[in-house]
Amino acid sequence: MFLNRIIVVAVVCSSLPLHADPYPFGRVFTTQEERKILDDWRRNGNVPEENVEAATTEKTVQKPSLTKIELSGYMLREDGSAIVWINGKSELSATRDSVKTSKPNSGTLSVYHEGRRVRLKPGQAWMIDENQVKESYEVTAPKPLPMTNPVPDDGEKSNSETPGD
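Mapping of the sequence shown onto UniProt numbering: position 23 corresponds to residue 23, and the numbering continues sequentially without gaps.
If you are wondering where the hints come from, they were derived from the structure by calculation, not from laboratory data.
Treat the hints with care, as some may be off.
What the hints assert, rightly or not - Straight-line Cα separation of at most 30 Å, DSS-like style, residue types lysine-lysine; simulated pairs: (1) Lys-100 / Lys-68; (2) Lys-121 / Lys-89; (3) Lys-68 / Lys-121; (4) Lys-36 / Lys-134; (5) Lys-36 / Lys-100; (6) Lys-89 / Lys-36; (7) Lys-68 / Lys-143; (8) Lys-68 / Lys-89; (9) Lys-103 / Lys-143; (10) Lys-103 / Lys-89; (11) Lys-100 / Lys-143; (12) Lys-121 / Lys-100; (13) Lys-121 / Lys-134; (14) Lys-103 / Lys-134; (15) Lys-121 / Lys-103; (16) Lys-134 / Lys-100; (17) Lys-89 / Lys-143; (18) Lys-143 / Lys-121; (19) Lys-134 / Lys-89; (20) Lys-103 / Lys-36; (21) Lys-89 / Lys-100; (22) Lys-36 / Lys-143.
As the list claims (entries may be wrong) - Pairwise CB distance ranges, derived in the manner of DEER restraints: (23) Asn-105 / Val-12: 57 to 67 Å; (24) Ser-14 / Ser-90: 43 to 53 Å; (25) Gly-123 / Val-12: 55 to 65 Å; (26) Arg-77 / Lys-134: 27 to 37 Å; (27) Gly-73 / Thr-31: 24 to 34 Å.
Note that beta-carbon positions come from the ideal geometry of N, C-alpha and C, so glycine has one too.
Can you make the complete structure from the sequences, with help from the hints?
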């Protein structure tokens, strides 16, 4: 009886198709040509035609001068190119505040700003006014915003506390 079940299962399994549809859900990602076009748009700051109107209607805001350039990190791609994050913004972003970088070499990058150059490791910050490179733990964090009335004035517990506390 047990042998008959094994034979039936083997026959059923052998009758199933042995190949899967190569594109059952359609194309999910972009082709290589589309990816090249998107990368060129990001690098050169070109905007597709449908977004030109939105980009031109924004108000021009004068950017404050940089006092600190922090190398947030970088990623090496398979093709050898690198993506670099400065002050938390990707180099693909058009708002990088005139900061240029070299390709990563032995874990460091050359960072150029206003004719000056400094080598930074990820996590380090260049304090431009002091012309010093500091580690991330040496840079003071921005002050947190003050809390607005964390405890009610009448001395009652706030609603966020549970009765068992």
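Violated constraints from the hint list, given by number and in increasing order: 4, 9 and 22
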